[in-house]
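Line by line, the protein sequences give chains Z and S.
To convert, note that position 145 of the first sequence is 145 in the working numbering; the numbers rise steadily by one, no gaps.
To convert, note that position 43 of the second sequence is 43 in the working numbering; the numbers rise steadily by one, no gaps.
Treat the hints with care, as some may be off.
Label-pair distances were calculated between CB atoms; the ranges are [stated by the list, open to error]:
hint, chain 1, residue 1, chain 2, residue 2, range
1, Z, Leu3, S, Ala70, 20 to 28 Å
2, S, Thr3, Z, Ala105, 18 to 26 Å
3, S, Thr3, Z, Asp128, 24 to 32 Å
None of these hints come from the bench; they were simulated from the model.
Just so you know, even glycine gets a beta-carbon here, dropped at the ideal spot from N, CA and C.
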Amino acid sequence: MALVQKKVCMLGATAVGKTSLVRRFVESVFSEKYQATIGVKIDRKLVEVGDTTVSLLLWDLQGEDEIERVRLSYLRGASGFIYVADGTRPETLDTVRTLRAVAEATVGDVPSLLFLNKSDLAEGWALDESAIAASGLGELPTIRTSARTGDQVEVGFQRLVQQLLVS
Amino acid sequence: MHTDPLRVLISDEERALLFSLSNYLTFRGCQVDCTERLADAQALVHHLHYDVVVVGLRADELARVRELAADLRGLNHPTRVVALAPKSVDSESSAMREARRGLLPVDRVIERDLPLAELARTICSALVD
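Input sequences plus hints: build the corresponding full structure.
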């Protein structure tokens, strides 16, 4: 069985759920307690796709609402990106758009997904197709996720892994 | 003349210390990365180069500190390791003892139980020693 290592960076505004998504995917847990990430966390998960094992290095970067503070060196060597927006806060799409421009300028065009997180908060959901299209992110593959319930989290990460293997 | 900013990695489980130190050192012109988990620091040093790694010592993670120091010695880029050691309170005394006796492969040991501002200044001076 082949083993390949891929680095994936989680990018998004503060408190959109990046760390929770990683914890849900890697450890199958969710905590209601919010604790902002300071700096960077790096988690690893082995994902099997066919006869290939992907050692996925997930770089969970401190949420940045000030784009100039994103450390470009964190992004280098990334094989893919997961952008995360909070479905209850449309302004977090703006952060994704800006982060994406920086990431693409640094790393180039690599497989990427947009997670619209907190899908369990149906009453507060504020993102529809038109909002996504208006954000300029319409061509980015998008998936609604909930780190709290786990809905679509595994599916989303698996989808990116499969894109990584064909790119 | 060396004009690049000093690249510093701080790894400590105490968030207040991480936050304060990183702000202080950034203000002083350093390029600072932070991790709460020592395992993340171990991963980071294989991807990025640092001039100095500041690491908080915990009695139950001395083996990891040794691994980290060994990893750094094995890299081509010279990196100094500054350890923040607790006072010799019972639960942490083994870490402090080992550090004080030179049994840990670190370049400098600083007592962490200083007022935060003093600790930051001490670390800052240690970076340029």
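Now for the hints, and whether the structure bears them out:
no.	hint	result
1	Leu3/Z to Ala70/S: 20 to 28 Å	holds, 24 Å
2	Thr3/S to Ala105/Z: 18 to 26 Å	holds, 25 Å
3	Thr3/S to Asp128/Z: 24 to 32 Å	violated, 50 Å
Of the numbered hints listed earlier, the single one contradicted by the structure is hint 3.
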